[in-house]
Amino acid sequence: MNQPASAYFIEDRHDPNETHTLAVLVQNEPGVLARVIGLFSGRGYNIESLTVSETESQKHLSRITIVTTGTPMVIEQIKHQLDRMIPVYRVVDMTQTKRSIERELAMVKVRGQGEHRVEALRLADAFRARVIDATTESFVFEITGNTDKINQYIDLMRPLGLVEVSRTGVAAIGRGPEGM
Amino acid sequence: MSEKSHDPNQMTGAAMIVRALIDHGVTDIFGYPGGAVLPIYDEIFQQSEVQHILVRHEQGAGHAAEGYARSTGKPGVALVTSGPGATNMVTPLTDALMDSIPLVCISGQVPTHLIGNDAFQECDTVGITRPCTKHNWLVRDVNDLAKVLHEAFYVATSGRPGPVLVDVPKDVQFATGTYHPPRKSDVHRSYAPRVKGDATQIRKAVALLANAKRPVIYSGGGVINSGPEATKLLRELVEVTGFPITSTLMGLGAYPASGKNWLGMLGMHGTYEANMTMHDCDVMLCVGARFDDRITGRVDAFSPGSKKIHIDIDPSSINKNIRVDVPIIGDCGNILGDILQVFKAEAKKPDIKSWWQQIAQWRARNSLYYKKSNDVILPQHAIQSLFEATRGKDTYITTEVGQHQMWAAQFYGFEEPHRWMTSGGLGTMGYGLPAAIGVQVAHPDSLVIDIAGDASVQMTMQEMSTAVQYELPIKIFILNNQYMGMVRQWQQLLHGNRLSHSYSEALPDFVKLAEAYGGIGLQVHKPGDLEGAINEMIAVKRPVLFDCRVAALENCFPMIPSGKAHNEMLLPEQANDAATAKAFAGGKALV
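From first to last, the protein sequence lines stand for chains A and B.
Counting from 1, one number per residue, gives the positions in the first sequence under my numbering.
Counting from 1001, one number per residue, gives the positions in the second sequence under my numbering.
No lab work stands behind these hints: they were computed from the structure.
Just so you know, even glycine gets a beta-carbon here, dropped at the ideal spot from N, CA and C.
Hints are all accurate, no fakes.
Going by beta-carbon spacing under 8 Å, a handful of chain B positions derived as facing chain A:
(1) P1131
(2) S1190
(3) Y1191
(4) D1293
(5) V1299
(6) N1319
(7) K1320
(8) W1490
Make the full structure from the sequences, and use the hints.
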């Protein structure tokens, strides 16, 4: 193994990356999101999507949904690193359980006239997107679904006059009667 | 207390801080006053239960608290002001995080209404220290202060210990509120470190141990953190199984260096026998260590044929660097007790005679060999002399970081835990002198020696003044080679012998410097004078700077070169130019 002169052992890692969705239940207190995000940036983990909101206000609980990528060993590290933070109650790997539903909401602004406008409406109908704002030359669509569906919809809107997109990021929940 | 009230639990925030320290059994704290902590200092002035040690720089307070903690098993406490006081604590906090040292830092903050205003001596202390503490808090309401302080002590000392910081704005220190003594509900419900090991995993581990042909125990700082019971159980396990044992830098002393199963330290500058035993073993029991990169060498060639058992209280240490077969999460003392119980009931001592014969052959390579000289003091010889002179005495050793640190680990034999204070994970030059102060405060009648390098010791030299002020007779034993020795060693091995800025062209006269501080200065050049001078140093009951002039170009071996495995160590007798050049891929012209 040839490596440059270094006080560290430098190695190439070739394990393939996986994408995982993690649900993290935390105490809703000042700085808790900064702790979680700081962990990711500080340790060089990826954040593909991040959603956070208080879910149980009496108990001051917030739920953070993070979509991340990494090798299996890194994903395992991320879960353990999150779990050992003081205000973190639970970390559930929604991808590993294979029994979860993921949804995202996007608002998509499209500007156009004539045939483009008609086509946009037709596609919106096919994707079950709703019109939530309209002018004579624009629409704002609201669409809900998994990430792939939303990506696909946005790609279709591009040639029809896509102006901008606002997305919530992924929220996930397990199937069946049990809570996390 | 300025405001008297009929309810004894009504008090100011500043008074609560002192009261909480007392309630947690704190007798000594290390700190430096400033605008944002004056109310706390006013409270300290008016009581005598908590002794405050005034350092010369906040970093010194942090390292002193670390030394105090490491040598007692109790949390160390530091008190600093806002802004620069807090930022100067970043190094010791990070150091304590890396080495799992329980540290409680209380920092002053500008008044709450000024937070975010770029006020004088304001900084985002909780933001800056978030990644270098186990947890931290900004207290905005005096009625939250007692709860937060109690939780801070609990978080620092429970589970995997670590540093915490409580940031207290000055108006909260002045405000009056209700104090309560520590109670269970002070702690986050989300924080519950696991202590007891899983019984199934423990049985799996015992089955592996009982059938091992080539076993090794690899222990770390976690055993020492767990407390005296863990040390006792580790020793018993070695006795009951007859297994060889090695340890990380942080774990030295858990098993006595004079014990017959001791292999010496492992890792980059560990002994040949320890590293070869790790490489060739069939069952590895890792107790309270974390497969750090200084330990493993090349990861994909690390102990390739072994089943690995890993005991750790921190689940994130499991499978971080090395994939293990039997992870057991929990307190290592607790788990060692369970393992011993099952082992004694169900297994008998495995026959590993041929394994010990193999180890004896590796031992015979004498990997710590160095050539003594009559003209110049070899640094290894200096450590050995120090060890001989202090053997049997009530001694604590701290170090700075570099070659001297590795030589101390190699040549000073530790018989008991809590006797060895060194910056392992972060590698903080300047740790040893203030750490020695902390140790001496905790053990006023013991012999406390900082084995130092000439470069490291200058990073926190000002704390000599603290030692003199509090009559702390610490001994600073400087292996003076005028180089940043470890930097130079790497430059020689890996950067074509271009010694870029690793030589100190100007050094202070350490003897005069000691005298200037009000301490004692000693200097030795000749091997023949060493023993006498060391004895003189020990006899003096005042702070000593001992300037031990050693061979300038001596390097630290054995060594695992970068990118190599445990069985590819460079031994001292092989460390000639040609072999070194070959061992270091990328190395060019050498020494």
